[in-house]
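J.: Sequence:
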Amino acid sequence: MVADLRVQAPDLVCHGGDLAVMGGEPAAVVDRIRELGWPGVAGNTDEALWDPAPGERVMAAAPALRGWLEVLLGRLVPWAREALGEERVSWLRAQPLTRTEAGLTLVHATPADLWRAPLPGVPDDQLAAPYAAIAGPVVYGHIHRAFARTVAGRLLANAGSAGLPWDGDPRPGYLLFDGDSVTVRRVAHDPGADDSLLRRAGFPLPEWLATIRARAVFEHP
0 MVADLRVQAP DLVCHGGDLA VMGGEPAAVV DRIRELGWPG VAGNTDEALW
50 DPAPGERVMA AAPALRGWLE VLLGRLVPWA REALGEERVS WLRAQPLTRT
100 EAGLTLVHAT PADLWRAPLP GVPDDQLAAP YAAIAGPVVY GHIHRAFART
150 VAGRLLANAG SAGLPWDGDP RPGYLLFDGD SVTVRRVAHD PGADDSLLRR
200 AGFPLPEWLA TIRARAVFEH P
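Per the working numbering, residue 0 is the first one in the sequence shown, and the count goes up by one each step.
Honestly, I wouldn't trust all of these hints.
[What the hints assert, rightly or not] So the derived label-pair ranges between C-beta atoms look like this: (1) W90 x G152: 35 to 41 Å; (2) A8 x D179: 17 to 23 Å; (3) L11 x W90: 16 to 22 Å; (4) E69 x L118: 19 to 25 Å; (5) A63 x D30: 34 to 40 Å; (6) R92 x E206: 29 to 35 Å; (7) A8 x W207: 34 to 40 Å.
Derived from the structure by calculation, the hints contain no laboratory data. This one's a predicted model, so the numbers in the text were calculated from it and none came from an experiment. Where is the CB? At the ideal position from N, CA and C, for every residue including glycine.
Turn these sequences into a full structure, and let the hints guide you.
T.: Put into structure tokens, the structure is as follows:
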């Protein structure tokens with residue numbers, strides 16, 4: 000994906016958070032983003048590294064998610080936190096919740112909640128409502144499904160996922176803005192290439208993560 004960005008040569012690259020928990024190389028990912036100097040925002044799994052309370056509240060309010068959130072907060076986050084170390088977690092914690100660059104505002108999910116965001120097919124009013132207080136175009140992440148829609152003359156878009164798409168297409172994706180146009184770009188990638196790395200790194204659920212990477216559809220572990 001970095002190679003594709005070099006070819007496209009955008010003026011600015013921003014990340015949408017959730018950098019470190021769902022993969023075999025948390026420290027290497029954070030170090031690479033810092034080396035590249037890409038600005039961004041904090042995500043919900045980033046937040047869980049230093050504050051599990053919001054995720055616990057979601058778990059209490061949504062029983063259907065309990066099994067997944069127990070795994071996330073009880074196994075995956077502690078493993079990633081240890082792999083990252085205190086200094087990298089502090090860097091993630093310093094990421095803002097909202098960032099505006101070149102007239103475009105980036106959030107991880109919504110400005111009020113890192114754990115909930117509208118899905119691509121919701122009606123216009125449901126898509127626009129969480130971002131009503133923000134002027135201009137908005138890009139968010141969280142749902143791992145890239146799209147771009149114009150609602151009442153305003154662009155609302157999702158950046159998709161660089162490492163874990165959930166829209167049935169396993170290729171990493173990102174949004175490319177060029178003036179008033181926006182394109183969802185997908186980059187060729189072999190999702191099986193990282194499977195052995197997950198096992199070597201000691202990721203807690205390597206077979207599960209390899210499966211959802213290959214299928215590009217989320218399934219509870």
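J.: Run every hint past the structure and note whether it holds.
T.: Consistency of the hints with the structure:
1. At roughly 37 Å, the beta-carbon separation of W90 and G152 lies within the given 35 to 41 Å, and the hint holds.
2. For A8 and D179, the Cβ-Cβ distance of about 19 Å falls inside the hinted range of 17 to 23 Å, so the restraint holds.
3. For L11 paired with W90, a C-beta distance near 20 Å keeps the hint of 16 to 22 Å intact.
4. Between E69 and L118 the C-beta distance comes to about 23 Å, which sits within the given range of 19 to 25 Å.
5. Roughly 36 Å separates the CB atoms of A63 and D30, a value that falls within the hinted 34 to 40 Å.
6. With their beta carbons about 31 Å apart, R92 and E206 fall inside the hinted range of 29 to 35 Å.
7. For the pair A8 and W207, the supplied restraint of 34 to 40 Å holds, since their beta-carbon distance comes to about 37 Å.
Consistency note: the structure conflicts with none of the earlier hints.
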